[in-house]
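*Asks:* The residues making up each chain are set out below.
Protein chains: 2
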Amino acid sequence: MTTTRTSARRPGGRSARVQAAVYAAVGSLVSEGFRDTMTVPQVAERAGVNPTSVYRRWGAVSTLLEEVAVAALTGDEPMPDTGSIRGDLETWSGIIVADITRPERIVYLRAMVGAREGTPGQCPCWEIRDEQAAAMIARAAARGEAVPTVAQVLNHVVAPLYHHVVFGLPADEAYAHSMVADVLAMVPARVFAD
Amino acid sequence: MTTTRTSARRPGGRSARVQAAVYAAVGSLVSEGFRDTMTVPQVAERAGVNPTSVYRRWGAVSTLLEEVAVAALTGDEPMPDTGSIRGDLETWSGIIVADITRPERIVYLRAMVGAREGTPGQCPCWEIRDEQAAAMIARAAARGEAVPTVAQVLNHVVAPLYHHVVFGLPADEAYAHSMVADVLAMVPARVFAD
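Top to bottom, those sequences are chains X and P. Just so you know, we're using UniProt numbering here: the first sequence kicks off at 1 and counts up by one. Just so you know, we're using UniProt numbering here: the second sequence kicks off at 1 and counts up by one.
To be clear, the hints were calculated from the coordinates, so they are not data collected in a lab. Beta carbons are placed, not taken as given, at the ideal position from N, Cα and C, and that holds for glycine. Please note: incorrect hints may appear among the correct ones.
Across the chosen pairs, the derived CB separations fall in these ranges [said to hold, decoys possible]:
no., chain 1, residue 1, chain 2, residue 2, range
1, P, G48, X, G13, 38 to 44 Å
2, P, R56, X, Q122, 42 to 48 Å
3, P, P51, X, G121, 38 to 44 Å
4, P, A16, X, P170, 30 to 36 Å
5, X, D36, P, D172, 37 to 43 Å
6, P, D172, X, G13, 31 to 37 Å
Just so you have them, the derived chain X footprint on chain P, three or more residues with Cβ under 8 Å [to be verified]:
no., stretch
7, 144 to 158
8, 163 to 170
In isolation and in its complexed conformation, chain X is listed as follows (with noise of 0.2 Å):
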């Protein structure tokens, strides 16, 4: 923590700094239960970082909260529907990676697991997937195409995606579409006369 007002004006170091230790904060807050009840001293003592920095630069904790972890897809963004399944799971699961992989998202993707304890059971993240996997299926379904569960997607396309972002491992949208392609493969083939 620097006290040099002349250094906020290097936005490359000890802002980006500041950014990085703030997002981890709120990760391991909302890992350990305090979503709800989160304030401004208490991010910056977590963060190493003066609450007037917080302050200045998000305002409040809700801003903050959306800035860092509100997911893709969670607001009015709407979802895909590109009229056949493989093509909502490929635009999807693009979407899931290209907001996963932007680096304050991993920062605070990481800081939440590191906090995590226990078996909570549940995780804001896979309940969001759950209720989008579901709709695009249902959609799908009722075209008459032959769908994975969502537990196969949940599983095999989101799963892969955030192990890889969390461990490090290389994801792309590449790499998601070929995720996409194998839960379709485990789908028997079904043939419509229309």
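The hints should help you fit chain P onto chain X, whose structure is shown.
*Replies:* For chain P alone, coordinates are given in the frame of chain X:
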């Protein structure tokens, strides 16, 4: 702690004792809450070994943490050889899940993730599992069985297991076996005349 150079030539002796002492030191430091601040001199002092021994062998605390986390199936323990790829993968995945759901192993794995920086592009756990999967698959293919690729086994059996453990989702033998069933469902059925 020894200062003699000759002892370094007995890997089964001093080397094994140093390893055990260092693993124990890491375990106690992790459980005491030093997981994020652990240093090599601290580990060495707790283990009663020279810091140089730790630096020489592991280089950094992060490397040490990773090694501790992949002890299962990396020693003299024989790989499963049940006569079928399904049997081998079920036994293997059962051993992995039993190992990585032990409380101390969960702590190590999460600490490892929390300490990761950037995208190193490799992970000791992953490389060891790669070799093991390749051996089982090669043996099954030589028997004429239809087999998944090594990458499929890693992405769809190993990754979901580690994902669930580090994120705090439930993982047990039944879950491991369902991952095996899924990955085998990716393989087009083949019929062999004999």
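*Asks:* Confirm or reject each hint.
*Replies:* So, going through the hints one by one against the coordinates:
Taking 38 to 44 Å as the suggested C-beta distance range, the pair P:G48 and X:G13 conforms, at roughly 40 Å. Distance hint for P:R56 and X:Q122: a CB-CB separation of about 43 Å, consistent with the stated range 42 to 48 Å. For P:P51 and X:G121, the Cβ-Cβ distance of about 41 Å falls inside the hinted range of 38 to 44 Å, so the restraint holds. The beta-carbon spacing between P:A16 and X:P170, approximately 35 Å, falls within the hinted interval of 30 to 36 Å.
At about 30 Å, the CB distance of X:D36 to P:D172 disagrees with the hint of 37 to 43 Å. For the pair P:D172 and X:G13, the beta carbons lie near 47 Å from each other, so the given range of 31 to 37 Å is not met. With 3 residues bearing a CB less than 8 Å from a CB of chain X, the stretch 144 to 158 of chain P meets the requirement of three and the coverage assertion stands. Remark: the stretch 163 to 170 of chain P is confirmed as covered by chain X, as 7 of its residues place a Cβ nearer than 8 Å to a Cβ of that chain, reaching the required three.
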